[in-house]
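Go by the hints and put chains P, L and G with the ligands onto chain R.
Residue numbers (the working numbering), protein chains in the order written: chain R, 1 to 473; chain P, 1 to 473; chain L, 1 to 105; chain G, 1 to 105.
Certain hints may be false.
Unchecked claim - DSS-like mimics (lysine-lysine), calculated; alpha carbons at most 30 Å apart, straight line:
hint, chain 1, residue 1, chain 2, residue 2
1, R, Lys406, R, Lys264
2, P, Lys264, P, Lys458
3, P, Lys264, G, Lys25
4, P, Lys406, G, Lys25
5, R, Lys458, R, Lys87
6, L, Lys25, R, Lys457
7, P, Lys87, P, Lys458
8, G, Lys25, P, Lys87
9, P, Lys87, P, Lys468
10, P, Lys457, P, Lys337
11, P, Lys423, P, Lys337
12, L, Lys25, P, Lys264
13, P, Lys406, P, Lys423
14, R, Lys264, G, Lys25
15, P, Lys423, P, Lys159
16, R, Lys458, R, Lys159
17, R, Lys159, R, Lys87
18, P, Lys159, P, Lys448
19, P, Lys468, P, Lys458
20, R, Lys159, R, Lys337
21, L, Lys25, R, Lys406
22, R, Lys87, R, Lys264
23, P, Lys448, P, Lys458
24, R, Lys264, L, Lys25
It should be emphasised that the hints constitute simulated quantities derived from the structure, not laboratory data.
Take a look at the letters that make up each chain.
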Amino acid sequence: MTGTAFIVGSAYLLAAVLFVVGLHQMRAPSTARRGNLVSATGMAIAIVATVVFALIDSGGQLVAWVALVLGLAVGGAFGVIRARTVKMTDIPQLVSLFNAVGGGAAAAVALADFVLHITGGTLPLTASIPIALDVLIGSVTFSGSLIAAGKLQGVISGKPITFPGSRILNIAVVVIALASAVLFVFNTHSLVLVLVILAASLIFGVLMVLPIGGADAPVIVSLLNALTGLAVAMAGFAIDNQAMIIAGALVGAAGTILTLQMAKAMNRSVMSIVLGGFGTADSSAGGGPVDADLTNIRQVTADDVAIQLAYAQHVMIVPGYGLAAAQAQHEAADLAKLLTDHGIDVKYAIHPVAGRMPGHMNVLLAEANVPYTQMLQLDEANAAFDTCDIALVIGANDVCNPDARKPGNPVSGMPILDVDHAKSVVVLKRSMSPGYAGIGNPLFSDPKTGMYFADAKKGLADVILAVKEYVSA
Amino acid sequence: MTGTAFIVGSAYLLAAVLFVVGLHQMRAPSTARRGNLVSATGMAIAIVATVVFALIDSGGQLVAWVALVLGLAVGGAFGVIRARTVKMTDIPQLVSLFNAVGGGAAAAVALADFVLHITGGTLPLTASIPIALDVLIGSVTFSGSLIAAGKLQGVISGKPITFPGSRILNIAVVVIALASAVLFVFNTHSLVLVLVILAASLIFGVLMVLPIGGADAPVIVSLLNALTGLAVAMAGFAIDNQAMIIAGALVGAAGTILTLQMAKAMNRSVMSIVLGGFGTADSSAGGGPVDADLTNIRQVTADDVAIQLAYAQHVMIVPGYGLAAAQAQHEAADLAKLLTDHGIDVKYAIHPVAGRMPGHMNVLLAEANVPYTQMLQLDEANAAFDTCDIALVIGANDVCNPDARKPGNPVSGMPILDVDHAKSVVVLKRSMSPGYAGIGNPLFSDPKTGMYFADAKKGLADVILAVKEYVSA
Amino acid sequence: MIETLFSNLAIFVLSLLVGFEVISKIPSTLHTPMMSGANAIHGVVIAGAIVTASLANSPAGYILTFIAAALAAANVFGGYVVTDRMLRMFTKPTPARTLTKEDAS
Amino acid sequence: MIETLFSNLAIFVLSLLVGFEVISKIPSTLHTPMMSGANAIHGVVIAGAIVTASLANSPAGYILTFIAAALAAANVFGGYVVTDRMLRMFTKPTPARTLTKEDAS
Ligand SMILES: NC(=O)c1ccc[n+]([C@@H]2O[C@H](COP(=O)([O-])OP(=O)(O)OC[C@H]3O[C@@H](n4cnc5c(N)ncnc54)[C@H](OP(=O)(O)O)[C@@H]3O)[C@@H](O)[C@H]2O)c1
Ligand SMILES: NC(=O)c1ccc[n+]([C@@H]2O[C@H](COP(=O)([O-])OP(=O)(O)OC[C@H]3O[C@@H](n4cnc5c(N)ncnc54)[C@H](OP(=O)(O)O)[C@@H]3O)[C@@H](O)[C@H]2O)c1
Numbered sequence: 001m002t003g004t005a006f007i008v009g010s011a012y013l014l015a016a017v018l019f020v021v022g023l024h025q026m027r028a029p030s031t032a033r034r035g036n037l038v039s040a041t042g043m044a045i046a047i048v049a050t051v052v053f054a055l056i057d058s059g060g061q062l063v064a065w066v067a068l069v070l071g072l073a074v075g076g077a078f079g080v081i082r083a084r085t086v087k088m089t090d091i092p093q094l095v096s097l098f099n100a101v102g103g104g105a106a107a108a109v110a111l112a113d114f115v116l117h118i119t120g121g122t123l124p125l126t127a128s129i130p131i132a133l134d135v136l137i138g139s140v141t142f143s144g145s146l147i148a149a150g151k152l153q154g155v156i157s158g159k160p161i162t163f164p165g166s167r168i169l170n171i172a173v174v175v176i177a178l179a180s181a182v183l184f185v186f187n188t189h190s191l192v193l194v195l196v197i198l199a200a201s202l203i204f205g206v207l208m209v210l211p212i213g214g215a216d217a218p219v220i221v222s223l224l225n226a227l228t229g230l231a232v233a234m235a236g237f238a239i240d241n242q243a244m245i246i247a248g249a250l251v252g253a254a255g256t257i258l259t260l261q262m263a264k265a266m267n268r269s270v271m272s273i274v275l276g277g278f279g280t281a282d283s284s285a286g287g288g289p290v291d292a293d294l295t296n297i298r299q300v301t302a303d304d305v306a307i308q309l310a311y312a313q314h315v316m317i318v319p320g321y322g323l324a325a326a327q328a329q330h331e332a333a334d335l336a337k338l339l340t341d342h343g344i345d346v347k348y349a350i351h352p353v354a355g356r357m358p359g360h361m362n363v364l365l366a367e368a369n370v371p372y373t374q375m376l377q378l379d380e381a382n383a384a385f386d387t388c389d390i391a392l393v394i395g396a397n398d399v400c401n402p403d404a405r406k407p408g409n410p411v412s413g414m415p416i417l418d419v420d421h422a423k424s425v426v427v428l429k430r431s432m433s434p435g436y437a438g439i440g441n442p443l444f445s446d447p448k449t450g451m452y453f454a455d456a457k458k459g460l461a462d463v464i465l466a467v468k469e470y471v472s473a
Numbered sequence: 001m002t003g004t005a006f007i008v009g010s011a012y013l014l015a016a017v018l019f020v021v022g023l024h025q026m027r028a029p030s031t032a033r034r035g036n037l038v039s040a041t042g043m044a045i046a047i048v049a050t051v052v053f054a055l056i057d058s059g060g061q062l063v064a065w066v067a068l069v070l071g072l073a074v075g076g077a078f079g080v081i082r083a084r085t086v087k088m089t090d091i092p093q094l095v096s097l098f099n100a101v102g103g104g105a106a107a108a109v110a111l112a113d114f115v116l117h118i119t120g121g122t123l124p125l126t127a128s129i130p131i132a133l134d135v136l137i138g139s140v141t142f143s144g145s146l147i148a149a150g151k152l153q154g155v156i157s158g159k160p161i162t163f164p165g166s167r168i169l170n171i172a173v174v175v176i177a178l179a180s181a182v183l184f185v186f187n188t189h190s191l192v193l194v195l196v197i198l199a200a201s202l203i204f205g206v207l208m209v210l211p212i213g214g215a216d217a218p219v220i221v222s223l224l225n226a227l228t229g230l231a232v233a234m235a236g237f238a239i240d241n242q243a244m245i246i247a248g249a250l251v252g253a254a255g256t257i258l259t260l261q262m263a264k265a266m267n268r269s270v271m272s273i274v275l276g277g278f279g280t281a282d283s284s285a286g287g288g289p290v291d292a293d294l295t296n297i298r299q300v301t302a303d304d305v306a307i308q309l310a311y312a313q314h315v316m317i318v319p320g321y322g323l324a325a326a327q328a329q330h331e332a333a334d335l336a337k338l339l340t341d342h343g344i345d346v347k348y349a350i351h352p353v354a355g356r357m358p359g360h361m362n363v364l365l366a367e368a369n370v371p372y373t374q375m376l377q378l379d380e381a382n383a384a385f386d387t388c389d390i391a392l393v394i395g396a397n398d399v400c401n402p403d404a405r406k407p408g409n410p411v412s413g414m415p416i417l418d419v420d421h422a423k424s425v426v427v428l429k430r431s432m433s434p435g436y437a438g439i440g441n442p443l444f445s446d447p448k449t450g451m452y453f454a455d456a457k458k459g460l461a462d463v464i465l466a467v468k469e470y471v472s473a
Numbered sequence: 001m002i003e004t005l006f007s008n009l010a011i012f013v014l015s016l017l018v019g020f021e022v023i024s025k026i027p028s029t030l031h032t033p034m035m036s037g038a039n040a041i042h043g044v045v046i047a048g049a050i051v052t053a054s055l056a057n058s059p060a061g062y063i064l065t066f067i068a069a070a071l072a073a074a075n076v077f078g079g080y081v082v083t084d085r086m087l088r089m090f091t092k093p094t095p096a097r098t099l100t101k102e103d104a105s
Numbered sequence: 001m002i003e004t005l006f007s008n009l010a011i012f013v014l015s016l017l018v019g020f021e022v023i024s025k026i027p028s029t030l031h032t033p034m035m036s037g038a039n040a041i042h043g044v045v046i047a048g049a050i051v052t053a054s055l056a057n058s059p060a061g062y063i064l065t066f067i068a069a070a071l072a073a074a075n076v077f078g079g080y081v082v083t084d085r086m087l088r089m090f091t092k093p094t095p096a097r098t099l100t101k102e103d104a105s
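So that you can see chain R by itself, here it is in the shape it has in the complex:
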């Protein structure tokens, strides 16, 4: 190790500290943004140190540097533009896409290292093992994340996709990938082996994610995120780069914990999700509509809702998947603003899995300028329902299904929002169709509940108009 290498190493350590401090600060909403900037500063330091070291230490070919700069420009521009323009409802698939490219980049780095030595001496185990692992994991996350992104985007069906023999094909692909990886470790000049690992891993990534239901996709994306971290760490081992080892391991471990927490928040186990992809039937996913029985239902109109809201003191808005699907977050925020200006106390009750992925509803509402102090988490919200005059449920269903308190149904045991504790309830959805869990909701036939059938966006707009009349009157 030269003096330069020592300085670069120290810069990497500094970057690592900043990554950790950044992640640490991202735990609380008030410091989260600063945390991300701290992390980005660490990244800038790591990049500059690497460039300086690469120039001093090896120099390199001009054409390679041109390829680098071109690549950075193309990829960077693509990333920044997508990041700037993405609709907040589409965040899950963008995260998955960025995860895919990370895995792909890690695999490409390992491949380049392989190409470099293809004519030279045999690589030592300390390089060949990480190269093999990197190509394996990197390719799986690349193709797997792309499929997950496709599912979330709706390009690929969100339904679990299975076909006869898929399980056997899966096993075969895994065996081929692993076997060729082992062979490669002792035979580091074989291009064929590398290509086989690459192909088998890419196919495996696709096969792994295809059978997973769209609603489970966020957990898989988080898991693949952790795996990309590991792939990057392996790439770091292959080319002896500490920044990649540290940051990769950090994300690998942090991502694993985050995955477990997400799965727990969704009342699912990671195992059952992944194995679900291998043929285990998932009883709770999908589920056909229950018979719509409108006899016990009290229907209300926009005007009814408006009058109730205008004369309430405490209003709780309960947003669900339907609000996200309808992109009605701005309308919800506008309504809340209108009521707040009129002196009414309005809060949001946010279930951890309301929305398209855990925490997504908070992002959507934040986009609509809802301060995070108004977003009540499960426990706070449940403490507040008792004193709430009207709970306005917008496109939510399972997260406020009182049957979760009873055993023997798909939502049993899931922590729910105690919407039925509010003095009165209005549910805004398009029909009596069930939600994700595919079961009926006794809340809808509760005498104190009024059903307001409409699309969330349209329905809220109508309520806003109606409220304005009462407020200005």
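For chains P, L and G with the ligands alone, coordinates are given in the frame of chain R:
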């Protein structure tokens, strides 16, 4: 690095993982004991690996090994015997004592490394800097922790000890220690310099802790604990031992955070405690007794207390420093047991700083077989006082002083136990003397409060006798 | 060689520990931005792309450099920008905004 | 030399990070045992005493070996034993003891 070194290094890494897992598990009462065992397992692995490596790698002199075994036997026996026989009320000083020896050992290791090279070539900076730092920090924690232990034990006065010119002496000693350390780094053969660092650091440790009040000692012990961790890490750098670097840094960092949390729980800042030692007057510490005004006081007898307890439904015991001082934890637990057996609900309201150091009261009650589920922390306890028929305050004063809610006095802003929310209150203490903060307590003259003047141990015994009559009757 | 391996292994294991510990109980409010933020951090693979460029000496190497650079840049720049965009939206209520120490710094 | 220094430095810094992160909010219930448990961990200085023994070759070295060994042994053995003694006393109520997963393992 040889193959053996690699295996030893891996064993050290495993030990490090176990230390971290152990510390992690120590966060919750239910897993804490297992965590300590996990950590001890890590220690065993590190020790075995070191012995094996030392035997293979260098062999060494027989007499040195004999010295080692003798030392281990003597020190180990001393440590285990003290650990087994210490009274739980004396835990703070024992922890301080064990911390002192750790710092001393770290300094001794560095000194031995110095002795080894005194005749050979000049030590490189990568060894001389850590040696100097290790001797410095290790000696400070050695003598400082001994003084703190003496204060806690009562061998040395718990009052802040200062004398004219102490501040100048302090500065002089620090300057001498640092200057000789710097000189030593570039002059690694000088025995004189090493002895000067050693002497100056030992003196500084004494001077640093002497002026600190006994009640602040726990925070200083915790701080010195963190410093010992750093000293051990420095020793690890000096002799290139990764287990010591990892574990030392771990304890250094974890101890720092723990110190900050402890200080916060005590409503003190670490800075003010340490600087307090350098002459800043500490207005809240000590404090003479306020005039005992018995006119507004309702005195009660053991019998009065017993009858109230026997006919209550919910009883809250509020233990304080006086209970620890009187070693009355067993009597308190016996009384609680008696009442519980009689169908009365009894809980303990434990303030974070009730006792001799943060968390100490929990240890004392645990010793008396009180299950930790009955020990309510501040928030839980305060939620429970509203429905509590009688709060029995035993040797506590400041932690339930309602004046903390008002500004402008020594306890202002300190979170307190809302004892005054209970239906009725009994305070067991020896007199109207104030507590640590030295101020009067309006709770005592509250009409619903009965003052029961007695030593905690004796007074509780009398109450137990009296309760037995009502219960058996 | 074995020295480097050990050092890298130690770094790897300790970083895993840091990663496990840094994510303790996070409020679900922040699950989405947190995931995106972690995602951006593994964009450090861009360092690998730079090293690859400095060593590449064949057409295959140049192509892989380009691919690695493009993919890594999308990951790192896109990741940080989108995370920032999300987090920028998390605000405290403006009227009740009091000047706390945090805001001042 | 510089290789070792870097590796040790990286190990040191990462361990500091782990240490900072592992102690997040601890209930004050456990402050005393936690401090004692951390105290026991720095008893790892006993490894230093062993290394010292294997290298010592002078009377001063032997004496320092003895001192280091005695002090370190008191720290490590005493520390773990007293921490265990404290934590052993933290029990759940015996009557209400239900067989949870934790207890079973
Ligand atoms: N957030 C996550 O990370 C995540 C991931 C996987 C699974 N899940 C699961 O998804 C469920 C989430 O619960 P949830 O209560 O938010 O949603 P939900 O139970 O899936 O119900 C959503 C409701 O929104 C209505 N809706 C759909 N589009 C709408 C539109 N444009 N306008 C108005 N309403 C519309 C639907 O009824 P209509 O068709 O009648 O309008 C539906 O009943 C839970 O079961 C959870 O476990 C969540
Ligand atoms: N725990 C810590 O880590 C720590 C450290 C530093 C400072 N402090 C400070 O110490 C105070 C602790 O509050 P606290 O309410 O527990 O204690 P306190 O306010 O110091 O009061 C203790 C009371 O116990 C009584 N007492 C003493 N010996 C007794 C005996 N043998 N029998 C019966 N009563 C006896 C004393 O009154 P009589 O003389 O009338 O009996 C005294 O008023 C706080 O101000 C805290 O900030 C705590």
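What's the verdict on Lys406 of chain R and Lys264 of chain R, does the C-alpha distance respect the 30 Å limit or exceed it? holds, 19 Å
Take a quick look at whether Lys458 of chain R and Lys87 of chain R sit within 30 Å of each other, Cα to Cα. holds, 19 Å
Is Lys264 of chain R close enough to Lys25 of chain L, meaning Cα to Cα at most 30 Å? holds, 12 Å
With the threshold set at 30 Å, check whether the alpha-carbon distance from Lys25 of chain L to Lys406 of chain R stays at or below it. holds, 28 Å
Take a quick look at whether Lys458 of chain R and Lys159 of chain R sit within 30 Å of each other, Cα to Cα. OK: Lys458 of chain R and Lys159 of chain R at ~28 Å, within 30 Å.
Between the alpha carbons of Lys25 of chain L and Lys457 of chain R, is the straight-line distance 30 Å or under? It is violated: about 34 Å lies between the C-alpha atoms, which goes past 30 Å.
Proposed proximity, Lys337 of chain P with Lys457 of chain P (alpha carbon, max 30 Å): holds, 16 Å
Given pair status - Lys468 of chain P, Lys87 of chain P, alpha carbons within 30 Å: holds, 29 Å
Are the Cα positions of Lys264 of chain R and Lys25 of chain G separated by 30 Å at most? The hint holds at about 21 Å.
Has the given pair, Lys406 of chain P with Lys423 of chain P, been kept, meaning a C-alpha gap of at most 30 Å? OK: Lys406 of chain P and Lys423 of chain P at ~22 Å, within 30 Å.
Are the Cα positions of Lys25 of chain G and Lys87 of chain P separated by 30 Å at most? Given pair Lys25 of chain G, Lys87 of chain P holds - Cα atoms ~28 Å apart, limit 30 Å.
Could you grab the alpha-carbon distance between Lys159 of chain R and Lys337 of chain R and see if it respects the 30 Å cut-off? violated, 38 Å
In summary, the structure is inconsistent with hints 2, 6, 15, 18 and 20 from the numbered list given earlier, while agreeing with the others.
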